[in-house]
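K.L.:
Heads up: the sequence shown begins at 20 in my numbering, then just goes up one per residue.
Simulated from the structure, these hints should not be mistaken for laboratory data. Since the structure is predicted, the reported quantities are computational estimates derived from the model, not experimental observations. There may be inaccurate statements among the hints.
[Said to hold, decoys possible] Computed spacing ranges between beta-carbons, pair by pair:
| # | residue 1 | residue 2 | range |
| --- | --- | --- | --- |
| 1 | Ala419 | Ser47 | 47 to 57 Å |
| 2 | Glu421 | Ser144 | 15 to 25 Å |
| 3 | Ala333 | Arg164 | 38 to 48 Å |
| 4 | Arg165 | Ser420 | 21 to 31 Å |
| 5 | Gly363 | Ser144 | 45 to 55 Å |
| 6 | Ala333 | Asp101 | 54 to 64 Å |
No residue lacks a Cβ here, since even glycine has one placed at the ideal position from N, Cα and C.
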Amino acid sequence: MPLPQSESPPVRLTGQRVALVGKLSSMSKRDAQQLLRQHGATVLECPDGSATLIVVGDEAVSLQATSAGEPWLDEAIRAAADAGRLEIINEPVLWQRLGMCEEDDTPGVQRLYTTAMLASLLNVSTAVIRRWQRRGLITPVREVRRLAYFDFQEVANARSIAQLLAQGMRPETLQRKLAELARFLPDAQRRLAQLSVIVEGKRLLLRQGDGLLDQGGQLHFDFDAEEARHEQPDAIVTASLPLVAPAPADEQAVVTEWEATPQELVRAAAKYEDEDECDLAAASYRMALVVGGPSAEINFRLAELLYRAGDLGAARERYYMAIELDEDFVEARANLGCLLAELGCVDLAVAAFEGALAYHADYADAHYHLAKALDDLQDGEQAEHHWRTFLTLAPDSPWASEAKARLSMDAAD
């Protein structure tokens, strides 16, 4: 596919011996080889110790290239890289050097996924996506007024790893291949830091700190790690004591074992959320507000928790409080709008969505929900504007087909 041109002058590759590894996402291997020759490079059909530059295609970084038949990262290549005679880069870096794409560390929001979109794509709740984010399994590529935007790369990586394990690759083999890549490719290093893969029966578990995470993001106790610690009596072992004690049956108060900080209470609340202990999680968030004072973020988390528990009235008030404390908290405004629409207050929902867009005009989710609300109010002309804006901002959204169907109905009329 054609790549946008960059204002940076292209880099000549005269004298470079370049090899391409894996499938490229932007063009065919033959076209890429021709392009490299036009820039003065000598193209190698297969990487070897004489190479000075190896380019790893975007679709090879998913580990398929190193798990299949070509062991390109052999001893000679590793030695050349360690000695500084060879550089290994990924595909986007090559295009940037050749002046064929913009080098921009602050991508726009088009074709990125909000938390709600990503949850819909993966058929999980937004709570699961937030749990993955808290655990460090996924990282937003951009944040706008507290609203997280993700690309799909990390989810695709996790799927690829699960597929490799299902095909019979041993976890230690996968870990070794990740470690080999991590010496040279920053993306592989990031995944290695996030993923330590363990297979238990048919479950895929990822080691995170002292615990194990399943594919739903739930934290499990690592008994093997605990046994290993017991086998080393001289090692210094730190114990993680429960911050919040179970409340007595006749009261819902949170009893702290010591004078807890707001941050400790929030961590305890997140732990209870992971364990689906919604009452204890809500009580911990409330105590964090008592100890630390008003917080837009904690009120937002509490609102989401109350909504999941079915207490819509209390959730609505917490969303209002979050917005009062931080008026440009656009995700709180959008969630409030969805909740108001669910309660039948469509006029108020429209105002909430419009408020979100006043602070973040490119917020695709808000355009989508506002379009639906305006349709409910029979304001088809304004609704059509927001349907079209939504499609422009998020053409790959899981809700795009709904928008296209709605606009095709207008065209048919």
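K.L.:
Against this structure, judge whether each hint is valid.
P.N.:
So, going through the hints one by one against the coordinates:
1. Ala419 with Ser47: 47 to 57 Å: violated, 28 Å
2. Glu421 with Ser144: 15 to 25 Å: Holds - the Cβ-Cβ distance for Glu421 and Ser144, about 19 Å, lies within 15 to 25 Å.
3. Ala333 with Arg164: 38 to 48 Å: violated, 25 Å
4. Arg165 with Ser420: 21 to 31 Å: holds, 29 Å
5. Gly363 with Ser144: 45 to 55 Å: Between Gly363 and Ser144, where Cβ atoms are some 23 Å apart, the hint is violated.
6. Ala333 with Asp101: 54 to 64 Å: holds, 59 Å
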